[in-house]
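Each chain, written out:
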Amino acid sequence: MNTSLFDRIESQKFSVEINVVSGFTQFIRAIGYSKPVRELMEAIRTPEDGEELLLRTAMLALSDTDPKYENPNDVAVGAYLWVLAVANPSSVNLAAEVVLDCQGFWWARQMAARLLAQRAPKNEATVVAKPAQGRPEIETKAVGAADCGAVYVRQAPAVERRLGGQGKKCQANRYAHSNMAFSRSGGASRNKGTANKKGVAVYGEAV
Amino acid sequence: LPKAAIVSEGVILFPGRNEVNYPSLALETRKAWAIPNEMRPESDPVFLQASVDLWKRAKPDIRLRSITSVYNCIGMVVASRRTWVDLEHLLRILKDDGCQKLPGEAEAQFGDVVVYRYHGDVCHAGIVVGRNLYNPEKPKDALIVLSKWGKEGEYEHDASDVPIFCGIPSEYWTDRSS
Chain A
1 MNTSLFDRIE SQKFSVEINV VSGFTQFIRA IGYSKPVREL MEAIRTPEDG
51 EELLLRTAML ALSDTDPKYE NPNDVAVGAY LWVLAVANPS SVNLAAEVVL
101 DCQGFWWARQ MAARLLAQRA PKNEATVVAK PAQGRPEIET KAVGAADCGA
151 VYVRQAPAVE RRLGGQGKKC QANRYAHSNM AFSRSGGASR NKGTANKKGV
201 AVYGEAV
Chain B
208 LPKAAIVSEG VILFPGRNEV NYPSLALETR KAWAIPNEMR PESDPVFLQA
258 SVDLWKRAKP DIRLRSITSV YNCIGMVVAS RRTWVDLEHL LRILKDDGCQ
308 KLPGEAEAQF GDVVVYRYHG DVCHAGIVVG RNLYNPEKPK DALIVLSKWG
358 KEGEYEHDAS DVPIFCGIPS EYWTDRSS
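If you read the sequences in order, they're chains A and B.
1 is the number of the first residue of the first sequence in the working numbering; add one for each residue after it.
208 is the number of the first residue of the second sequence in the working numbering; add one for each residue after it.
If you are wondering where the hints come from, they were derived from the structure by calculation, not from laboratory data.
Wrong hints could be hidden among the right ones.
Claimed, not checked - Straight-line C-alpha distance at most 25 Å; calculated SDA-like pairs for lysine to any residue:
1) 35/A <-> 266/B
2) 35/A <-> 255/B
3) 263/B <-> 247/B
4) 302/B <-> 286/B
5) 266/B <-> 12/A
6) 266/B <-> 34/A
7) 13/A <-> 238/B
8) 238/B <-> 293/B
9) 263/B <-> 12/A
From just these sequences and the hints, can you work out the full model?
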């Protein structure tokens, strides 16, 4: 995808222009009318594009910001959630979960809460993504752990390269070797341990 | 680990719900209806200044009064700039507080409330702070309004000189009984 679209949506100018709205309906209208968001919507043509946007959203949501202030990525993350909800709805819940757990969001938090509110209540593990090749769909189940989980998302190599090339230590690299994280070499045993401890593990490709 | 973490192997991990809620204030209308509200987090001063600069370039005639993210236009009008109140509550608050809708712009006076609409929806509000003198050479809006533009600045401006998403002046409400 054209990364200049990301740059425009994540710009201070875009945030300032959208942030004159005072209500969520107006926020949706404003981002829906905005040119870069419309162009981004049109640019998502393949599942890989959707995955790239999903990862971009999660990385932006988890990037380091000053906790004293509102997250400066609020409008961009809110816009990405909206685009995901329209263009790649099967993956938007993952991003919404991440956003709701982060501090400092306003519009993005409201967007995420509304998206998740539309989701049917879960009483047990639910497969939220298509199984990835060679991975089990569900490793374990745990009663009452429906809101806990780990989801494997196939990451496009181009995204990894770009994230790695930003010169800034990003969340992705920081937690790459955590024992709570899955790794390609770690295999099923590590995954299973995490799943047992935390609840539910679901592996799959975002679709 | 944070509540949610993404790792480079392509895994998103979210160990549980920890939704963020912002503080709200005990606010009521005159009819004792509790007004839903939430104090929006403050923005970095650098971003606030960038906002002022951008809007000053886009609309050179506006005059900045102050800027903070904590309240919005409705919070300015009905909550003394303390907190963010959603647009959907404005008309109920005005009615509960005994305000009357005026026939039109000509009847609006200093201190009255201007309600803006966009495609029929209430989307902005401000307070009348003055009237422009009629100048046939340079026609202006009749009213001068003070309003808060979302989380951006609080500006004094001609009634219709607002960002497009703030809509157009559509209704005028007053608490004056005579």
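Worksheet entry | Non-conforming hints, listed in increasing numerical order | Per hint list: single violation, 7.
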